[in-house]
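Asker: Sequence:
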Amino acid sequence: MIKGFRGTSLVDYPGKICAVVYTYKCNFRCPYCYNLELILPEEYHKLENISEDWIIEELIKRKGFIKGLAITGGEPTIWNKKLVHFIERVKFEADLSVKLDTNGSNPEILKYLIENKIIDFIAMDFKTSPEKYKLVGGDFKKIEESLEILKSFTDNSEIRITLYPDLVSMEDLEKMLPYLQGIKHIALQKYLSEKTYISNPPLPYSQEIYDKFYFYLKEKLPSAEIIKRY
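Everything in the sequence shown is counted per numbering that gives the first Met the number 0, starting at 0 for the first residue and increasing by one.
Rather than coming from a laboratory, the hints here were simulated on the basis of the structure.
All residues carry an ideal CB built from backbone N, CA and C; glycine is no exception.
Some clues are possibly wrong.
In silico EDC-like pairs for lysine to aspartate or glutamate, Cα to Cα no more than 16 Å straight-line [as the list claims (entries may be wrong)]: (1) K24 to E42; (2) K217 to E173; (3) K211 to E173; (4) K60 to D11; (5) K131 to E143; (6) K24 to E47; (7) K116 to D94.
Cβ pair distances, simulated, as ranges [to be verified]: (8) D94 to L191: 26 to 36 Å; (9) T153 to F214: 18 to 28 Å; (10) K150 to K217: 40 to 50 Å; (11) E207 to D52: 14 to 24 Å; (12) L46 to N26: 12 to 22 Å; (13) G136 to S192: 15 to 25 Å; (14) K140 to G63: 37 to 47 Å.
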């Protein structure tokens, strides 16, 4: 399940110094994905599997410095019960807060983690407008369900929107807006064009256009915290 580990990060868990684990495999194919070694079989087969026992030992060693663990990928939730078991081990053996990154394609797992108080923070990527979800391989009904679930966990969750021009235009954002009602924390992210799943990706938006998206959300969602992330 785990193909990568970073002992310290200042940016992967809001408000906490954390370690990071990277799961492999993903059920989406986002054109701007830069973790190709974790999503492409011909790449991730080259990486060593990292045992949960080793991860737990490393977390315990760092416990005086780190305050949490971020689990990212790939898409961690495709590992289902294995993921749940690993999170339980981290919480009870290493006594750390756990943050999960997800594309929202497995609402049942998110619901289980929240209802059983196993997870401390969830960051979900909201990729594009409903009709464009087929471009990344997703079922929007699952995404909508996950967004609704996170509204019950909104103090401890964040919705991330990556401003990839072919997936998020102003028209797309307007169509995404109804699903963001009731969300408290929304991060607008620039995408990295240096390393992507597709060749010849579009140029990132200019700062001026990026700011237009930001102020649009600020106006339309006045009760939400809109976060600029570069």
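Asker: Checking against the hints above, which ones are violated?
Answerer: When the structure is compared with the hints, numbers 4, 10, 11 turn out to be violated.
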